[in-house]
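Enquirer: Each chain, written out:
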Amino acid sequence: MPEPLLAVRRLDAFYGDIQALFGVGMDVTAGEAVAVIGANGAGKSALLKSIAGLLQAPPAAILFAGEPIGGMPAYAVAARGIALVPEGRGLFASLTVEENLLIGGQLKRPGPWTLPRIYDLFPALAERRRLPSTALSGGQQQMAALGRALMANPRLLLCDELSLGLAPIVVRDIYARLPAILGEGVSVVLVEQDIVQALRAAQRVYCLQEGRVALAGAAKDLTREQIAAAYFGV
Amino acid sequence: MEWVNVILQGVLVGGLYAMFAAGLSLIFGVMRLVNIAHGDLIVLAAYLALVTTETLGIGPLTALVIVVPVMALIGYALQRLVLNRTLGDDLLPPLLVTFGLSVIIQNGLLELFTADSQKLQAGAIEVATVPLASGVYVGVLPLVQFAVAVAVIAALQFIFYRTPLGRAFRATADDAQVAQLMGLDNRHVFALAMALSLAMVAIAGVFLAVRANFDPSQGPSRLIFGFEAVIIGGLGSLWGTLAGGLILGVAQAIGAHLSPGWQILAGHIAFLIILAVRPEGLFPKVRA
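Same order as they appear, the protein sequences are chains S and C. So that you can map any letter, position 172 of the first sequence is 172 in my numbering, and since no number is skipped, the others follow by simple counting. So that you can map any letter, position 41 of the second sequence is 41 in my numbering, and since no number is skipped, the others follow by simple counting.
Hints are supplied without guarantee of correctness; some may be wrong.
Unchecked claim - With the C-beta cut set under 7 Å, the calculated list includes, among others, these residues of chain S facing chain C: (1) ALA60; (2) MET72; (3) ALA74; (4) TYR75; (5) GLY81; (6) LEU84; (7) PRO86; (8) PHE92; (9) LEU95; (10) GLU99; (11) GLY104.
In case anyone wonders, no lab produced these hints; they're calculated from the structure. We treat Cβ as the ideally placed atom computed from N, Cα and C, and that holds for glycine.
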């Protein structure tokens, strides 16, 4: 197996005094899509936040391209090529759609993603580029958040609950763009409650339960029963 | 004609108040920091200009070339070393720290320059006037001051809405945590905002010092004028801030014309009326 692009090793993470992760380990290789599933409160978002630098972590607990990045500030993690699409999208309300995309690319990291390419991927955004981001529908906001993260030309894209609060048809529409994104060589970690979408999109799956990895494996090899057991702890 | 003159003088002074206010408004808008030391920093800039003009033998307007970057550097350092540590969910720590800073600046200036009032001499431009109509004359210096105020507000508006730096200011103001995910270091963004604010403070301070006498105790009243202009204009609107400054200036001029003792009072009354009638200010920019 090639050296992973991202290696999470025995990661403990805390929200204040409450421990959210207990010795979590995870690998993501270059160009791979990995899904992290689990019930509410299983620690999925805590895992992404730790990787992105929004939660404290010991340096060696998170290695990116061989470099320890645990506990680095989020802006420094972003500069190394990790982009997070935050839960709830986190678009900037005072900025137009295009300004949101431009600020995503403000580090000017070289790569395939430019404003025209984002508009090719999400034509709905091109038509609404001059509108405030608050004028977008939920699905369009998710596209803008995804586009904004891609503008950073990341090597690793972390997506926190892309499907949250969206109609199934909109979720399918967004997930339909994933192959085009993966085709550019970026690695993706999908945190999802929509297990069906996650299993369809990802090659490998980690299932978290109460802050621990309860199950890990290739998406195609896991049975429904295994996933249900890991997900619900039954 | 007499009243035209009065209102015109008020408008021209209002430009200065708008400059006091713009920096205050920028800082509150970007990082929700109420800078109680803002007025004292204006007076500090005036003293810096005094030292610069006396040491180098240059005019006050030329001294801007030195005072503006020095104040910007002071702003950057102040934010990085002190004020960033006070920011958080609670508005109180920055309020207390800037209040302390205000006391330190006032007493530091008192120690260095005594309580004697000072004034910057700008030479012939101070007494030069241009006739606008028969019986209406305006001083060249107030006119320059007003033009500079409009230019400063316009420049700030441009920076805020048309440049990557302004985008970073607005994004950080919206959601500082998500802004970090875009690779923006909040501490640096906030320090740049403070540097810009103090660059404007420097311009305001030099014009203040040319226009009238100043002494170390004058900061708090400049702060009040700045606050009033911001609130009259409506939070978050830079052109509103300019309008707020002008309204305050005109109200003071009218008050002064009625009776010299009413100048300051008339400004405060105008502010209170607007606060009572339109608490959101005259031109509020509604934030989502």
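Enquirer: Confirm or reject each hint.
Expert: Structure-based check of each hint:
no. : hint   : result
1   : ALA60  : violated (22 Å)
2   : MET72  : violated (11 Å)
3   : ALA74  : holds (4 Å)
4   : TYR75  : holds (5 Å)
5   : GLY81  : violated (10 Å)
6   : LEU84  : holds (5 Å)
7   : PRO86  : holds (6 Å)
8   : PHE92  : holds (4 Å)
9   : LEU95  : holds (6 Å)
10  : GLU99  : holds (6 Å)
11  : GLY104 : holds (6 Å)
The structure does not agree with the numbered hints 1, 2 and 5 stated previously, though it agrees with the rest.
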